[in-house]
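Student: Fit chain to chain and form the complex, with the hints in mind.
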Amino acid sequence: MQDIEIAQLRTITDIIKKHYNYDFSNYAMSSFKRRIQRILEIHKYSSVDVLIDKLSLGDTKYFKEFLSEITVNVTEMFRDPTFWKELKENILPTIFANNRTVSIWHAGCSSGEEVYTMAIVLKEMGLLENVKIIATDIDTTILQKAREGVYPLKNMEMNIKNYQRYGGTVGLEKYYKEEGNKAIMDKSLVRDVTYKEHNLVTGGVFGKFDLILCRNVMIYFNQQLQNSVLKVFHESLFKYGYLAIGSKESLIWCEIANKFIVVNNEEKIYKKVKD
Amino acid sequence: MTQFKIDSSQYKAIVIGGSAGSFQVISKILSSIPSNFELPIIMCLHRLRHVRNGFVEALNIKSNIEIEEPYDKEAIKRGKVYLAPANYHLGIELGNTFALSTEELVNNSRPAIDITLSTAAYAYRNKLIGILLSGANKDGAIGMKNVHEKGGLTIIQDPQECLIDTMPLAAQKITKIDYVLGVDGIISFLLELDKQIKATATTSS
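So the sequences go chain by chain: Z and A. Using our numbering, the first residue of the first sequence is number 1, and each one after it goes up by one. Using our numbering, the first residue of the second sequence is number 276, and each one after it goes up by one.
This is chain A alone, in the form it adopts within the complex (with noise of 0.2 angstroms):
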């Protein structure tokens, strides 16, 4: 059954942005992706500003991937799974490479999804899949919007089953969202495009 049309070949990268409420969410996608999950999974969730570490360690519990608070100008790998570090802003840089930064606040938020959002879509163009989970804040709507105006795809989490929606609500007020899914089908969406990589890889080899 594929309930997606993907074209899985078009894609290089996933960014997740996600605030109050998305934690469960967060761990319950990692530990439903496989250890190889092949594309990056680049991550910029709100987090205490001032407390360095933690945030990490509580979410690898879960994760069958180990996630990792990515260097300024470290290279984007296949099959990694990242986080924005603490008090920095997480951005994507033309060559696969991060850059962090540590500007104003924006929507009074460092790490701000949408600067990890409208940098990526700017790298990506059409090879990004932003998805954007609960939060109470409007931070990510107008990167959600660079992702559709380049291209690239967009999920929501179902704002019926957010504990906010504040969130994915403000992005879909701004701009085409591709699928309004719940978790599970989030999940199913991204077992469904690993697959499909995976098959394509194997054909070609």
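Excised from the complex, chain Z in its bound form (with noise of 0.2 angstroms):
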């Protein structure tokens, strides 16, 4: 297949900006070039022009279905073990030596691992009642799986491991049901959790949060953009609110880091210490 060049992923963000209103204009340029290519490979496209042809058509329902496939949906329970352990031994225990109620802000949750997550870790620690959680994401598709919390059956010895390394003693499988090669997850977890669809790129602030998880989300963007969402997230927080990103996401090249300091550089928890 043709490679696809600059100009034709700018004619891309181009026409949907101005048919369905999204900017993916500042989306890091190699993996939106990759989501591209897979959506032509998916759907058996000769060229990027069949692709481009299709947006031009301003039809809603495919661009619903296409921002599916150009958002990365990979995720994981209890991704990165240490990450966990360290907000349940030292984080959390901190915002809730200061806090009655803690709120908290999944930006970008996907299908959902990431707040079932959250929610067993907090229920784990007896706070699950004293905590309100939003999950976020730009893609509605995906809400509605994080909503419903079925899970291919598959994954979850990958999770079932991720979790033992965090070190869970309860046994995540006390968290859901088998039903068939689905995972069905006890709803009674994520009951107050809102899921409410929005973008980071044109969403801005909507609440204020003590703690806020966008892992391995702003990979995805420019630093350009980067910077800009880091403005929503410093806005969202309390003052002493946190932030935590990616293992391998860095805030040190954006323009307000030094609003923030930070708590732990291994597994990228940030603070905020100036409004």
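Derived by calculation from the structure, the hints in this document are not laboratory data. Treat the hints with caution; some may be incorrect.
Said to hold, decoys possible - Each computed DSS-like pair below joins lysine-lysine, with the alpha-carbon atoms no more than 30 angstroms apart:
(1) Lys132/Z to Lys187/Z
(2) Lys182/Z to Lys196/Z
(3) Lys177/Z to Lys132/Z
(4) Lys145/Z to Lys182/Z
(5) Lys161/Z to Lys413/A
(6) Lys161/Z to Lys85/Z
(7) Lys44/Z to Lys352/A
(8) Lys413/A to Lys154/Z
(9) Lys239/Z to Lys259/Z
(10) Lys64/Z to Lys187/Z
(11) Lys352/A to Lys303/A
(12) Lys88/Z to Lys177/Z
(13) Lys145/Z to Lys18/Z
(14) Lys280/A to Lys448/A
(15) Lys451/A to Lys303/A
(16) Lys44/Z to Lys337/A
(17) Lys44/Z to Lys413/A
(18) Lys352/A to Lys259/Z
(19) Lys231/Z to Lys352/A
(20) Lys17/Z to Lys231/Z
(21) Lys145/Z to Lys161/Z
(22) Lys352/A to Lys337/A
(23) Lys231/Z to Lys259/Z
(24) Lys44/Z to Lys425/A
Quick caveat, the model's predicted, so the values are computed rather than measured.
Tutor: The structure is reproduced here in structure tokens:
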């Protein structure tokens, strides 16, 4: 297949902006190009021009599918077990020492595995009732999956291993039941979770939080967009609130990095120290 | 003695891909190149997905240059050696920075060699050298094809010397390979390349 050129990627982002009012122009080029390539393969399109023609029709149903395919929805429960251990042992106790009720935002929650992870951590700490969680994503199809909390059973093997590395003692199996090849999560864990559509590029601030998790989401944005998203997070955090990003992400190149301090460099947990 | 036709001024980066049977090879290469080696070396090696620590430390024992697992958006610098971190794909972005991703497994791997090679080929065009070592699957073959198509240089470890020859053979099957070399040959190539780059830098300054 012909390689996709930058000009063609620009055409795609222009069309999307014009017809659907989504802005992908500041997505990281290399991964955006790969997602487009993947869509061409899934639909067996002969060239990128076929996709450009389809998007030009302004068909919102088609775009909804496109949106699901362009966003990366690969996630795990307890990804980076040491991160969750740090949350349990240090970060959450510190937050609860100063607050009776705590608000948490999962930004870019995808199919919701991380939300369940958080709920399980909190439940095992006996604090689930004191927390309000908001989970957002740009893609309403994946948000629906997150709400349903039904996952392929084959993924649970990895999730269980992660849970064990995290130091979980109750057993992850306690939180779901098997039905055929599916794992159906215990819905009572997410009773107080609000799932909500939100686009980090244009969505702005909608609340104040003690902890924001946005792990391995901003890697799909370019530096400019990372800067502006960090501003949204900064504004959405209470002073001394925490921001967690992916283990190989960094804030050091962001414009307002100086308003945060590093709390745990290995796990990439930051604290807002300046308004 | 120069057994390689190298236009050293052409190259900006080296990508090395390896899997099963490549650890000793990589270790030998890294212990044989000088600590002031000029070009950045970007390594994508198959590794345990859920073990974040230990691998880079093990490679560092023998390496003359300290190896780093880069962060997303980190600038690629001359004279550095980088290793794709666990459970991330390592891509190269236009503008000479790294781009990490947690996309689906490719060739059952994350990091996948195809992604590092293909993105590097796109970013560096004919200024890239791709080296593929021993391995038990086909990851890296398409990447090497992309390197060649963009005018870059392709090198595989001699399949006869590889512990497992599947990976270099898969690349050889679908694209032109400029050099088939044993470990010592790869080292000689890198040393010769570095010598020429240093010589050019001296004469031009």
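Student: The structure should be examined with respect to each hint, and the outcome stated for every one.
Tutor: Do the hints match the structure? See the list:
Restraint check for Lys132/Z and Lys187/Z: the C-alpha separation of about 15 angstroms stays at or below 30 angstroms, so the hint holds. A hinted pair counts as satisfied when its Cα atoms are at most 30 angstroms apart, and Lys182/Z with Lys196/Z qualifies at roughly 24 angstroms. Between Lys177/Z and Lys132/Z the CA atoms are separated by roughly 25 angstroms; this keeps the pair inside 30 angstroms, and the hint holds. Taken as a hint, the Lys145/Z and Lys182/Z pair is honoured in the structure, with Cα atoms around 13 angstroms apart against an allowance of 30 angstroms.
Our distance criterion of 30 angstroms between C-alpha atoms is met by Lys161/Z and Lys413/A, whose separation comes to about 28 angstroms. Restraint check: the Cα-Cα separation between Lys161/Z and Lys85/Z comes to about 14 angstroms, which is no more than 30 angstroms; the hinted pair holds. About 39 angstroms separates the Cα atoms of Lys44/Z and Lys352/A, which puts this hinted pair outside 30 angstroms; it is violated. With a C-alpha separation of about 24 angstroms, the suggested pairing of Lys413/A with Lys154/Z holds against the 30 angstroms cut-off.
Distance hint between Lys239/Z and Lys259/Z is fulfilled; the C-alpha atoms sit about 10 angstroms from each other, no more than 30 angstroms. At most 30 angstroms may separate the alpha-carbon atoms for a hinted pair to count; Lys64/Z and Lys187/Z meet this at roughly 27 angstroms. Proximity of Lys352/A to Lys303/A is assessed by CA-CA distance (about 22 angstroms); at most 30 angstroms being required, the pair is judged to hold. The straight-line distance between the Cα atoms of Lys88/Z and Lys177/Z is roughly 25 angstroms, inside the 30 angstroms bound, and the hint therefore holds.
Restraint check for Lys145/Z and Lys18/Z: satisfied, since their Cα atoms lie roughly 28 angstroms apart, inside the 30 angstroms limit. For the hint linking Lys280/A to Lys448/A, the alpha-carbon distance of about 23 angstroms falls within 30 angstroms, and the restraint holds. Distance check on the hinted pair: Lys451/A and Lys303/A sit about 26 angstroms apart at the alpha-carbon level, within 30 angstroms; holds. Restraint check for Lys44/Z and Lys337/A: the C-alpha separation of about 47 angstroms exceeds 30 angstroms, so the hint is violated.
With a CA separation close to 23 angstroms, the supplied pair Lys44/Z and Lys413/A stays within the 30 angstroms bound. The hinted pair formed by Lys352/A and Lys259/Z meets the criterion: a straight-line CA distance of about 28 angstroms does not exceed 30 angstroms. Among the hinted pairs, Lys231/Z with Lys352/A is consistent with the structure: their alpha-carbon atoms are about 28 angstroms apart, no more than 30 angstroms. Distance restraint check for Lys17/Z and Lys231/Z: the Cα-Cα separation of roughly 22 angstroms lies within the 30 angstroms cut-off, and the hinted pair is therefore satisfied.
Distance hint between Lys145/Z and Lys161/Z is fulfilled; the C-alpha atoms sit about 23 angstroms from each other, no more than 30 angstroms. Under the criterion of a C-alpha separation no larger than 30 angstroms, the hint pairing Lys352/A with Lys337/A is consistent with the structure, at around 21 angstroms. The straight-line distance between the Cα atoms of Lys231/Z and Lys259/Z is roughly 10 angstroms, inside the 30 angstroms bound, and the hint therefore holds. At most 30 angstroms may separate the alpha-carbon atoms for a hinted pair to count; Lys44/Z and Lys425/A meet this at roughly 24 angstroms.
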